[in-house]
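S.K.: Now for the letters of each chain:
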Amino acid sequence: MGSGNLDNFEKNLALIEKRGLELISHAEDLQHLETLRVELFGKKGELTSLMKQLGQMSHEERPVAGQKANAIREALTKSYDARAVRLKQASITKQLETERVDVSLPAREVPQSFEHPVFRAQAEIISILRACGFVVEMGPEIESEWNNFDSLNFPPNHPSRTMQDTFYVSREEKLVLRTHTSPVQIRSMLRSKPPVRMICPGRVYRADYDHTHSPMFHQVEGLLVDEDVHMGDLKGILQYLVSEFFGSELKVRLRPSFFPFTEPSAEVDMQCCFCKGAGCRVCKSTGWIEIGGCGMVDPEVFKSVNYDIDKIRGFAFGMGIERMAMLKYSIEDLRSFYESDYRYFLQFPRWLV
Amino acid sequence: MKISLSWVATYLNSSKALESLKKQASVLEQRMPLVGLEVGSRKKLSEGIEDVVTAEILSFEKHPEADRLNVCKVKVSDKEIYSIVCGASNVKQGLKVALAREGCVLPGNFKIKKSKIRGVESSGMLCSESELGLADASEGILELPAKTTIGRPLVAALGLDDEVWEFELTPDRADCLSHVGLARELGRYVGASVQLPEYEKLNFEKSSDVPLISLEVQAKRACPFYSAQLLEGFKTIETPQWMSSHLQAVGQRPKNALVDITNYVLMELGQPLHAFDADKIEGSKLIVRYAKKGESLVTLDGVERKLFKEDLVIADSKGPVAIAGVMGGLESAVSNETKRVILESAYFNADSIRGTVQRHKIHSESSHRFERGVDPNMALVGAGRALKLFKDICGCRRRGALVHFQAKTFSKKLEAHTINLDLRAFKKVTGLDLQAKEISDHLATLEIGTESRSAKVLKVFVPTHRVDLLREIDLIEEVARLAGFDGIPTRFPAMLSVSKPITEGTFDLIQKLRVRMLGTSFVELMPYCFFSDKEKEYAPDVKYVSLENPLSHDWKYMRSNLSTGLLRSLASSTAKGEYRAKFFEASTVFEKRTDLTDVALSSPTKESLHVSWVLLGQRNKDHWSSDKSSVARKEQFDFFDAKGAADLIAQSMATQDRIWQSMNLLPLWKVYDDPKLAPYVAEMAPWIPMNLLHPGRSAIYFTPGKKGPQTNVMGFVGELHPLVKSDLLNVATGKELGVAFGELRCVEDLWKSAYEKSTVAKILKKGSITASSKFPFIERDLAFVFEKSLSFDDIAKVVHKQASDLLVSLDCLDVYPQEDGRVSVAMRLLLQSQERTLEDNEVASLIEKTTSALVKTFKAEQRV
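Protein chains in written order, with numbering that gives the first Met the number 0: chain A, 0 to 352; chain B, 0 to 863.
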């Protein structure tokens with residue numbers, strides 16, 4: 000074979016290169032590009048078949064021709080790679096466009112739980128008071144009259160008993176639905192010696208039903224008995240509880256009142272959490288809201304649990320959890336707590352975070 | 000207790016008292032609660048009628064267009080004469096009336112405008128009592144006395160320039176149940192002290208007059224003092240204006256002087272009195288005694304009351320004429336025709352009155368005071384005050400001497416008693432550091448005298464009206480109240496170690512269960528704990544705790560389970576058109592004890608801790624993206640959703656008590672079919688509302704014990720019985736609405752062992768957690784056709800036995816009935832070793848072994 004072979008070979012190479020580059024640069028998509036790759040420089044492609052001619056060439060011509068053919072293969076591959084990148088990019092761009100969604104459409108529901116505001120408030124109060132060193136005690140809701148009244152210095156037939164409209168389970172057996180959580184104090188003191196520092200949350204009952212009274216509601220009550228306790232300590236604990244629970248520096252004041260089981264007795268007022276004491280509709284322009292009752296444990300109560308009234312003193316306080324929850328979460332209707340208005344409840348998670 | 004400020008001021012020894020009270024009213028309203036006297040309401044009597052004036056009807060004529068209307072010429076002054084259309088029938092010439100002129104705004108925001116009424120101009124309105132807010136209802140326009148000066152503000156003419164305060168008193172402050180009592184408290188703020196009104200000083204000296212009435216007190220303990228006076232010769236029984244307006248101001252309707260004077264003295268001094276018509280008292284003899292069996296009395300309120308033998312009565316020779324200290328009899332009551340009056344003033348023991356009040360569920364101004372305690376000195380003062388008023392107003396006289404009885408012990412009650420007040424004790428209780436002088440000064444403002452016994456102890460003289468001050472601690476409160484609680488220094492109690500709580504574990508367990516349920520998508524509810532008759536029948540075998548005085552028929556019993564309340568809540572959801580819900584509650588239920596032989600049990604009732612949950616409606620909320628043709632889209636909650644929650648609770652409880660790990664379940668129909676098990680479950684867990692459960696789609700949970708795998712009944716899960724569904728949920732029958740629910744008893748008898756050690760306090764040590772295997776797992780799916788009677792539990796047991804340790808999990812992929820009545824079940828086995836990569840042949844032989852075991856045990860047929 001003469002130098003004509005080489006010429007011819009180079010000519011063909013040039014043709015392949017020119018045509019190949021042209022075709023590759025115009026390939027429409029990745030699939031087309033792949034076809035071109037196979038046609039041009041695949042195992043059975045044009046370039047490969049041309050290179051088979053190398054075997055017929057002379058020793059001198061062969062390296063030259065081989066070199067040239069490889070250079071062209073490289074050029075084609077490079078062009079192919081570049082085109083492939085561009086086409087891939089175009090294709091993904093197109094895909095992303097077609098996959099667009101209307102982000103304003105409603106989301107798929109993530110089912111959510113809902114903690115009852117009363118139990119949430121209860122749990123908060125308990126954790127605040129636990130941090131003050133109080134332990135939790137619980138007790139039955141069906142109580143003896145002795146635990147609910149007599150031991151707490153309510154004389155039989157006394158008008159103070161009728162202050163708390165009582166549900167009777169059995170007059171004969173002297174069983175009532177407890178009207179307050181105070182019987183748990185009695186149970187605790189009967190079980191253990193002073194000092195006592197306990198709280199008792201729980202459900203209580205009174206035969207009263209209107210828009211501000213429910214026959215069933217919740218209270219939390221605290222009792223601290225020790226040798227050196229006075230009303231200042233009571234104020235201290237109540238002030239701490241209110242500040243922690245409402246998360247702001249609302250003042251607490253004690254207002255003289257009467258409960259059979261405490262002497263002195265007081266109502267617990269706090270500065271209105273809505274107007275911060277300035278006066279508004281909720282606090283009837285007084286700037287204060289009543290949140291519970293308290294006092295120094297009456298010696299008669301200590302006598303009924305056989306504590307030495309000369310040695311020890313104690314304070315007790317109690318509050319309605321529904322009321323605390325209503326104030327904290329701005330709930331206006333007491334009865335909504337006991338009804339199951341799903342939609343109404345579902346508003347809460349927003350506020351309860 | 001309602002008071003009128005101008006009335007109160009009459010008992011204060013300062014001429015400027017009323018003026019000061021009115022001036023300071025707003026401040027006092029804020030301050031009184033701080034000494035324990037809550038002001039419930041405060042009202043100006045003139046409120047809304049300040050612009051109404053007195054006027055006179057000069058003449059009137061029929062309205063040309065309306066028969067019932069009159070056109071009146073009304074004169075306010077010579078310069079002011081109005082033409083006013085009026086519909087009242089009592090218009091007459093010369094009548095003095097209340098006129099609201101144009102621009103006047105009456106109570107209820109009623110604005111008077113000039114207007115034409117059927118063509119005739121009217122420039123104002125003649126007012127009735129109700130339009131002026133002076134009465135709830137009235138007929139015709141208000142007729143003013145003939146001597147009324149016209150052209151004056153109505154408020155002045157009627158003496159309405161007054162304020163009425165309503166105090167919400169605590170039951171201990173009996174001394175404040177009168178104008179004199181509250182004058183004492185209010186006087187402190189205006190620098191005035193109390194002066195009793197004029198009264199005739201009565202004495203027990205023998206009179207030459209022959210007593211015309213006789214008295215016999217049999218119940219000396221309940222009635223240590225009784226007095227009666229016979230009055231006659233009434234010249235008038237018309238109540239004077241000053242007395243009517245005082246009584247009206249505090250909400251008492253004036254009747255006649257005989258009644259009004261007794262009411263006035265009660266409101267004034269707090270001493271209840273009673274006036275009998277002397278001519279209706281048989282034998283002119285009064286007997287104070289207990290009622291006899293079979294006696295009854297029609298009281299003033301018209302109610303016939305059967306008397307109890309513990310009721311103290313006043314009787315004549317025929318029988319009871321009054322329930323002592325509570326209410327008089329209708330027959331012996333005074334009326335406009337009464338000629339002679341027997342006036343009673345007595346002291347009745349509080350205990351006796353309280354008993355009667357409770358037994359008869361009766362309440363009166365009189366009993367309200369006797370129940371709380373009346374000043375013993377007021378019985379005689381009240382009698383003298385009433386006598387003075389009767390003489391002054393009615394011009395009557397007393398016939399004969401004062402008839403009276405006084406028990407020997409009573410004279411002691413008429414003196415102030417003394418209590419020692421230790422200043423150190425005062426400080427220890429209140430934290431307030433007051434000097435003896437300060438304490439004395441505070442007490443002196445309320446007529447409580449003191450003298451010094453030693454440097455640190457005061458001797459305190461408690462006047463008889465302070466029936467609440469009996470002990471040193473009562474005085475400590477009194478002084479602290481007067482000094483003001485605001486001065487008590489705030490301190491934070493030091494931390495101290497206290498004995499271990501006994502029942503805290505119960506609280507923590509409830510919290511744990513709640514947190515567990517709140518960790519899923521359940522909504523926590525708090526329905527009422529009461530059952531109705533109908534709800535009780537869902538679990539009829541329970542020995543229910545019932546209420547003797549329920550508020551309504553729907554709230555008669557204490558609940559025995561939680562699910563009924565949650566279903567009630569579902570019903571109120573569906574009633575509002577909400578057909579999808581997931582509710583739960585973790586709380587206590589109640590029942591009577593069936594076994595009372597154990598004397599250690601302190602209560603005949605039992606409270607247990609339960610958790611319950613209900614699911615209603617569609618499992619997934621409709622979404623725009625879901626496949627409209629897919630069946631899954633409308634899938635309702637069913638048994639298996641409820642069962643999932645039971646698994647969660649069981650896991651939680653297993654950390655308290657291992658027994659929960661071996662909780663097993665039996666379908667309800669199988670329980671029903673077992674002649675021994677059905678009654679056993681009813682006896683052990685009567686609280687399960689069997690009547691609500693679909694027998695084919697419900698199950699009872701058990702844990703093993705002495706009686707085999709079904710020893711303890713833990714609870715149930717299931718779907719609502721189709722027959723009760725439409726009734727209970729108020730939805731149309733046939734509406735496809737899934738309702739699944741469940742309930743587990745977590746702790747039985749919460750408080751039984753509270754005195755020993757808490758049953759719920761024990762929390763197991765955490766189990767060890769094994770690391771997950773590093774080696775690959777292999778999945779194999781198998782499908783077989785089984786007889787229908789087999790349960791998946793049976794199949795799973797065989798698979799577990801064969802695959803043993805290598806089986807990580809066994810899932811059921813698919814269950815569907817074959818045409819021949821058998822059931823095809825597909826399952827997926829997840830195999831993995833902790834130690835090595837499993838070989839293909841090892842897995843193959845295990846699958847082979849399992850397959851042949853299933854085929855052999857159940858005559859199953861493998862599907863390929």
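It is worth saying that the hints were derived from the structure and are not from the lab. In this text, a Cβ means the ideal position worked out from N, Cα and C, and glycines have one as well. Treat the hints loosely; a few may be bogus.
Unchecked claim - Below, a sample of chain A positions facing chain B; criterion: calculated Cβ distance under 8 angstroms: (1) His31; (2) Glu114; (3) Val135; (4) Arg254.
Said to hold, decoys possible - Mimicking SDA-like on lysine to any residue, the simulated pairs with C-alpha atoms at most 25 angstroms apart in a straight line are: (5) Lys1/B x Cys131/A; (6) Lys173/A x Ser531/B; (7) Lys310/A x Gln405/B; (8) Lys43/A x Ile15/A; (9) Lys426/B x Glu21/A; (10) Lys426/B x Lys43/A; (11) Lys22/B x Ser284/A; (12) Lys555/B x Pro194/A; (13) Lys283/A x Ser192/B; (14) Lys499/B x Cys131/A; (15) Lys499/B x Asp227/A; (16) Lys310/A x Val38/B; (17) Lys275/A x Val38/B; (18) Lys291/B x Ser284/A; (19) Lys234/B x Arg220/B; (20) Lys21/B x Leu211/B; (21) Lys283/A x Gly318/B; (22) Lys533/B x Cys282/A; (23) Lys627/B x Glu108/A; (24) Lys250/A x Ser192/B.
S.K.: Which of the stated hints cannot be reconciled with the structure, identified by number in ascending sequence?
M.R.: 1, 5, 7, 9, 10, 12, 13, 16, 18, 19, 20, 21, 22, 24
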